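There are 6 protein chains.
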Amino acid sequence: MSDSRISTDIDYDRDGKQVGYLNVPNSTNESGWGTLLMPIAVVKNGRGPTILFTGGNHGDEYEGPIALMKLLRALEPAEVKGRVVIVPGLNMPALMAGQRLSPIDGMNMNRAFPGARRGTITAMIAHYVQTQLLPLADFVCDIHSGGRSMSFLPSAVVHRLDDADRMRKTLDAARAFGAPVGLVLKELDSEGMLDTAAEDMGRIFVSTEIGGAGVVSPATIKVAEIGARNLLVHFGICQGNLVTREAQGLAPTRLMAVPDGDCYTAATENGVYEPLVDIGETVTVGQLLGQVHDIERPGEPPAEKRAKRDGLLVCRLGPGRVRRGDTIAVIAVDL
Amino acid sequence: MSDSRISTDIDYDRDGKQVGYLNVPNSTNESGWGTLLMPIAVVKNGRGPTILFTGGNHGDEYEGPIALMKLLRALEPAEVKGRVVIVPGLNMPALMAGQRLSPIDGMNMNRAFPGARRGTITAMIAHYVQTQLLPLADFVCDIHSGGRSMSFLPSAVVHRLDDADRMRKTLDAARAFGAPVGLVLKELDSEGMLDTAAEDMGRIFVSTEIGGAGVVSPATIKVAEIGARNLLVHFGICQGNLVTREAQGLAPTRLMAVPDGDCYTAATENGVYEPLVDIGETVTVGQLLGQVHDIERPGEPPAEKRAKRDGLLVCRLGPGRVRRGDTIAVIAVDL
Amino acid sequence: MSDSRISTDIDYDRDGKQVGYLNVPNSTNESGWGTLLMPIAVVKNGRGPTILFTGGNHGDEYEGPIALMKLLRALEPAEVKGRVVIVPGLNMPALMAGQRLSPIDGMNMNRAFPGARRGTITAMIAHYVQTQLLPLADFVCDIHSGGRSMSFLPSAVVHRLDDADRMRKTLDAARAFGAPVGLVLKELDSEGMLDTAAEDMGRIFVSTEIGGAGVVSPATIKVAEIGARNLLVHFGICQGNLVTREAQGLAPTRLMAVPDGDCYTAATENGVYEPLVDIGETVTVGQLLGQVHDIERPGEPPAEKRAKRDGLLVCRLGPGRVRRGDTIAVIAVDL
Amino acid sequence: MSDSRISTDIDYDRDGKQVGYLNVPNSTNESGWGTLLMPIAVVKNGRGPTILFTGGNHGDEYEGPIALMKLLRALEPAEVKGRVVIVPGLNMPALMAGQRLSPIDGMNMNRAFPGARRGTITAMIAHYVQTQLLPLADFVCDIHSGGRSMSFLPSAVVHRLDDADRMRKTLDAARAFGAPVGLVLKELDSEGMLDTAAEDMGRIFVSTEIGGAGVVSPATIKVAEIGARNLLVHFGICQGNLVTREAQGLAPTRLMAVPDGDCYTAATENGVYEPLVDIGETVTVGQLLGQVHDIERPGEPPAEKRAKRDGLLVCRLGPGRVRRGDTIAVIAVDL
Amino acid sequence: MSDSRISTDIDYDRDGKQVGYLNVPNSTNESGWGTLLMPIAVVKNGRGPTILFTGGNHGDEYEGPIALMKLLRALEPAEVKGRVVIVPGLNMPALMAGQRLSPIDGMNMNRAFPGARRGTITAMIAHYVQTQLLPLADFVCDIHSGGRSMSFLPSAVVHRLDDADRMRKTLDAARAFGAPVGLVLKELDSEGMLDTAAEDMGRIFVSTEIGGAGVVSPATIKVAEIGARNLLVHFGICQGNLVTREAQGLAPTRLMAVPDGDCYTAATENGVYEPLVDIGETVTVGQLLGQVHDIERPGEPPAEKRAKRDGLLVCRLGPGRVRRGDTIAVIAVDL
Amino acid sequence: MSDSRISTDIDYDRDGKQVGYLNVPNSTNESGWGTLLMPIAVVKNGRGPTILFTGGNHGDEYEGPIALMKLLRALEPAEVKGRVVIVPGLNMPALMAGQRLSPIDGMNMNRAFPGARRGTITAMIAHYVQTQLLPLADFVCDIHSGGRSMSFLPSAVVHRLDDADRMRKTLDAARAFGAPVGLVLKELDSEGMLDTAAEDMGRIFVSTEIGGAGVVSPATIKVAEIGARNLLVHFGICQGNLVTREAQGLAPTRLMAVPDGDCYTAATENGVYEPLVDIGETVTVGQLLGQVHDIERPGEPPAEKRAKRDGLLVCRLGPGRVRRGDTIAVIAVDL
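Line by line, the protein sequences give chains G, E, L, X, S and H. Residue 335 is where the first sequence ends in this note's numbering, and the numbering goes up by one at each step. Residue 335 is where the second sequence ends in this note's numbering, and the numbering goes up by one at each step. Residue 335 is where the third sequence ends in this note's numbering, and the numbering goes up by one at each step. Residue 335 is where the fourth sequence ends in this note's numbering, and the numbering goes up by one at each step. Residue 335 is where the fifth sequence ends in this note's numbering, and the numbering goes up by one at each step. Residue 335 is where the sixth sequence ends in this note's numbering, and the numbering goes up by one at each step.
Everything labelled a hint here was simulated from the structure, so no lab data went into it. As the structure is a prediction and not an experimental result, all values here were calculated from the model. Keep in mind that the hints are not guaranteed to be accurate.
Since the list can't tell identical chains apart, any single copy or any two copies may satisfy a pair.
What the hints assert, rightly or not - With a straight-line Cα cutoff of 30 angstroms, these simulated DSBU-like cross-link-like pairs (lysine-lysine) come out: (1) LYS169 / LYS17; (2) LYS186 / LYS222; (3) LYS70 / LYS17; (4) LYS81 / LYS186; (5) LYS186 / LYS308; (6) LYS81 / LYS308; (7) LYS222 / LYS308; (8) LYS81 / LYS17; (9) LYS308 / LYS70.
Using the sequences and the accompanying hints, generate a full structural model.
Structure below.
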């Protein structure tokens, strides 16, 4: 069935719950005939749509792996009508290392699609997802968290699509996820993303940015857990009711957009970044968002970073250390 | 005056404000006659006590460097009666790298005291502080933030001292700092710390843990800034009034202790850590604090981590990735 | 004649014996105009078939390089009718480093075919073999030894071929080699191998696995030396008689196969592997082959590894350290 | 207009002087949304030809970056008729690291053309030059200096071209540059060079080798500065007169060639190289150029390296450390 | 009781069986408050002597860790009279990495004694053994296996001691161990060894070299298992009979010595080593032991390595790759 | 005689010429019983003084190793009255790597004295020189060349000594060496140098700085060769006449001093350094020596570096890449 170099004992067509591995060839100096064992689970029950959940696309984003490991243990075939495929650690070597990129080949999984059959580890995994998993799926949810460097107001993230019907279905899904924000991005450099791969096949695709800075918290994990469950209900795979934000006593998901380059502010200096505005705060054009201190010349005044437009600060640099070219702030506006 | 290999143009006895460098010999393959230039500032005016402020003892803790760079720019001799010595980046190579330990010699600055004249970079810097700066100081404040792996409820931290008078003066200073918590630690492994070096010389010493996880925020920077200014007033070096917590509409500093080993919980598994309780929450013995998921075997139940005593969660593991032996929680009790 | 970036002073058409170099462009930070000098030898005398011998395809397998260096020194044109091309260190940088993969580009030479003219070092070498050496050859013998991680019962290794005539000729050559075992593999992931490159061009191809674990011994070197000489006689390039196993007082080569996935056992745990059966021993289904001890939790019982079918243990993990996904045993059955 | 992943604020069609950046996407573990800011300048005034100057193609060659940074600061639109595009650090990460190859992907920029839109950093930059900058240019000057390992008699370097008219124009430009030598190379391995990319588009292309060994000097910087200015005059972009060698009291540019492989001498030993002839000296066939001492066996006589033809030594190994395959001498002959 | 920085929950004075950890402080960039958990077990029953077993002193020697993990699981207090302390992985970080030296500080555990309280990880562990474990012990057995580079005829190894009574007791213990060889070494460079530390405290000390080359086998593991059990019986800690070599149908332990420098042969060339004699074979002075082939110049004759005295080859280089200064053979003579 | 861990076959008391090795224990992961073989030669004839020549104290300074390897091959016992000890590569691992510091332990040999018996490789070598070689010597000459980062006007270098007689003898030796400059340094940070070790034992000590920037040339090698031979004559070990500068048609050695900190200029910026004055040129206070260009902000004016006193530029930064704290110029004045 497959011409991937990756094999598995999982039978995607079998009813029931299977927790197993993708066997990714990984010949190293220490293990000539070594294999990377990458966990995967399938919960299937009869006919119905298929959803693919992925976490750990970047290895320093933990809400996805945690929520999905809990989901794969909790979910029973009897609850399901259709099929749920769960890959809690898509860039498994990166997740094991606790870093964004694969320590084996240095690649960013989310720019590696459609992958390559005989490429490096990351490219082989992307190729497997592209050729084996995406064709099975009707819906795809890839749970991101900002990663080590970025701290995000928890958001369901979707792309602007040309097809109005798919755009509406995608927005409905984003709202169903139940994060504080539903963010519509016009991705400038989307080639190679899992998002693009899924959308190009016509799948309904929802990504997220939930927290970040390489840190996890009870609150952000809860967003991911509720969101994943809500999608199962929303797409008709599980019975039951959505856990709405209203039911949790929260404001409804705020639909917002990041329409242009003025939403982004980048550092053009090396140093230590002092944020003066936190995520979730409203900013106005010209407002001081933060400043970069030159640790090598502390007597010099810091470089000021100001908002280039009005809006809500949905993302900011997490760590204090900043290098030229780092994104330090993203402003969103209501849709 | 000194037998340190480190030289400086700073004259510690001169009135006025000087921002300069410690010149730390650093012969490398690329630069045989290279020097590490490590910023230092002195603001002096007449007679009066001396306070030494240090930040960046660990290079991934940014509140100290930011607050101290702002202080050294803002502080003018006319405001001062006595002397303020500021080292915003004590482990400068670590701060430049944005990591805890020195990338040059791999050393932890806070276990390097009293240092060594002909040791590695970190040992030479510790030796300079030990032999040149501590003798000048009456008071020492070393601003920490938890670092990449630990997330701390902002605290002024002091050690239990045998001398009741010094203990009282130290607690007074901790309270004056104005953090949410004043934490009295019985350090189990205190040899080599700047704390110990300063205390052994009879200096009044206050450390802090403000935030952490390698992340900075407007709120935690503010704690450091107010705290440093408050100490200047408290020790009589600057005129004016303390910015009390009450004046900020906040609860007074809560004095707490970490009295024994049961306050600490460590992981004995590798995996991804899911915190179930956040810092600042009250816990009771036996309560589930979090759990470790085995990302290599996601089908297995997670390892549960429970509180070994009642108290307040003042510190928890920041990142999701956890390795055997990592501290994942610290519980404190009211003094 | 060639569009490879690799040049050589060797004239493959000249009678006599030439020992020279392939000049592989290798621009580095230390040597902008550097060249990797990769030894090659040709012994030619008049008309007749050509055999290509390669060793060091993996850099931690030494029987091939040793036997071939001795052969290239000993072999004189007068003994030869046809042509013998010898590359004792195919992945020369890996051989110099004593490791499986190239230290320059991290590549596995035996998955790099057909290579690429402008690829990395490994890809350039593969491309040269593909475009310059394989076209010259009628017969190809690539001497492997298991490598650092695997220990093999000395075997001539061939693949199952669809063409019955070529299969027969290949088996005859494997038998002529004179190793204890002649192993017929159905390679699951053969793309990129030298084997595949040679077979796709219609060459008679024999590989080997002689010993391994990164260790050499007088006995295994002898297998490689006799085998290489035997092939020269068998293919009619040298005169004389085969050094048969019978003449050495040994049992004849045992023809065996590795027909399916049940022949392979892999570790799914990290730890230290204790083999309980050695290569050359007969095993029955369910028999305990070895066990993995968790060095981090030595009080726990080890994970048992059992044979999934009857047969002869022809290969096992060499070192004690084992990681998830490592192959720990290969069982073969009589053909 | 472009499908490069690299963006810029520079408007190549706007009159005036712009100094800005190419924004090269560079997602790392420390900065997920990071960008490499690569300086570029454009000085434009009305209609006229375009010249593209590049330096830092190899990151350890400094005459180009220095001369071009000075030129971009000094050059005013009023002096120009046409357009001058300046990239002082083409392999910016390599220049920052002071090494030949990119520390990010290990690539040699001058073998990376035509690059790849979704390749590594070096490939992305090459692709931008290929698709965005070369199409704008009529003339291209890429300033090299030999680099860490090679020391060169300052030379303008051109390739032998089949088209006599372009050959003549190219030689005229090389002469106008005003270096001591004008060197016509028959490049053996020219695929992937910026030279080839420019020439294949029909641009007049001049490269240089000015000094080298990773060392800069007032004299070699002067050659680069005068040369760049002279080309602006020669191509009619700036007014004024050439600063001829004659006007400087120097011998005219000597046109020479490196016609064949005998011009090159390489080491076949590891050790320390003792040059016995310096660049700029005349050599005769058989003359001892230098010798390689085996530092591990200093009692052994050194390996002698002799000239394989008469000519002028235009290039020699700079550092004492030599490894097998290093080029140690290049001899040129008068054209 | 201890001034080590290492703590443990183990109570060495408590009867029964305890399997726990030494907690070694290990502050890293990823885990500021991290701890290395190093397994240790104690089996105690009433009064009687104490034996300390250590394995994994070098991290690439596996017979010790395997035999000792099996022993600690199997041994019950009821079998014991006295105390058995077991450290299966003395250089735990090295054992986890599968290499000789600690990957954390690069140190050789067996040259780190007496260690240092505030030294690196290896020095701290050595210091703990020196100050906490050796004082408890009457007998010490440190199980080595040759390691990655050396292959040893399985031997119990002891040092020549000046005290005749202790020499006799030590030889008795070596014989009781039951390895093929009992080897009396005059160690030339013994400072810093665990051996020396134990002997200097007056403990009866037996070391071993069982196999090696980084490879484990059923046969060598059996030697270690029987040997450890035999020592328990021999020293009167366990009841029962020795498993003698005679009872196994084997020749008795051969007592041998390595009396002088002529027993050792070292390589003075880089290349690939071809052994011509295997361990366990008898050699005569002048006999060719093996030869070093220069892989960079395969046409040159190899360097011959000859025996400098008569005797038994008890040890040889394991891997093919050899570097100048490597020991390639050790010859022993009957005592 | 020695308690060094380093052994040798050399007999320092034997007449004749011996070329051999110091055997430095070097246990590595690849070679547990490995040894660094470090070349040494002794040429002795009867009674007379002893001179110790060392080269390669820094591994990127080649004039010393080349001149000393040639000397050790050429020098015959009959020419000598007394003893000549030659260590051409004092930091042998650094010399093999072509870098300043040891790649094994990262140490600077010239700050490692008096070394340590059980220290790292560099410390062990320093300890051997301190305890075995310096006691044998009456005169010591350590040939340096500036190294990768510094380019020096060829100089014999001595220190200001308190003892007038030894100062005179030392200056006589420096003059006899015959370099263009004889430089009297007041070393600010001399602890740990071979110089200091030798001087503290009362030896007459001459060092050099000949060229540098990691580059060798025929001219600088000649200075080293003539200098070494001249010292042999000057100290009465060899017969014959000095090769004086006058006899070579050169100006006599210019005795100069580097009296204070104003002689040194350092960079306080990162960037690329453009020297405007070359070594050997006279400078006046305030003169522009060079400028640092900020390659990240090429539009900004460069940082100017000016002479702080009148004198001769005897040393300047070699490479273009400059980092904060690098020395960029040294000015000397006539004695």
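Quick rundown of the hints versus the structure:
1. LYS169 / LYS17: Result: close within a single copy only, 28 angstroms intra versus 49 angstroms inter.
2. LYS186 / LYS222: Classified as within; 27 angstroms inside a copy, 35 angstroms across copies.
3. LYS70 / LYS17: Intra 14 angstroms, inter 36 angstroms, cutoff 30 angstroms: intra-copy only.
4. LYS81 / LYS186: neither (34 angstroms within a copy, 40 angstroms between copies)
5. LYS186 / LYS308: within (18 angstroms within a copy, 49 angstroms between copies)
6. LYS81 / LYS308: For LYS81 and LYS308, the Cα distance exceeds 30 angstroms both inside one copy (48 angstroms) and across copies (36 angstroms).
7. LYS222 / LYS308: between (33 angstroms within a copy, 25 angstroms between copies)
8. LYS81 / LYS17: within (13 angstroms within a copy, 52 angstroms between copies)
9. LYS308 / LYS70: between (41 angstroms within a copy, 25 angstroms between copies)
When held up to the earlier numbered hints, the structure conflicts with 4, 6 and fits the remainder.
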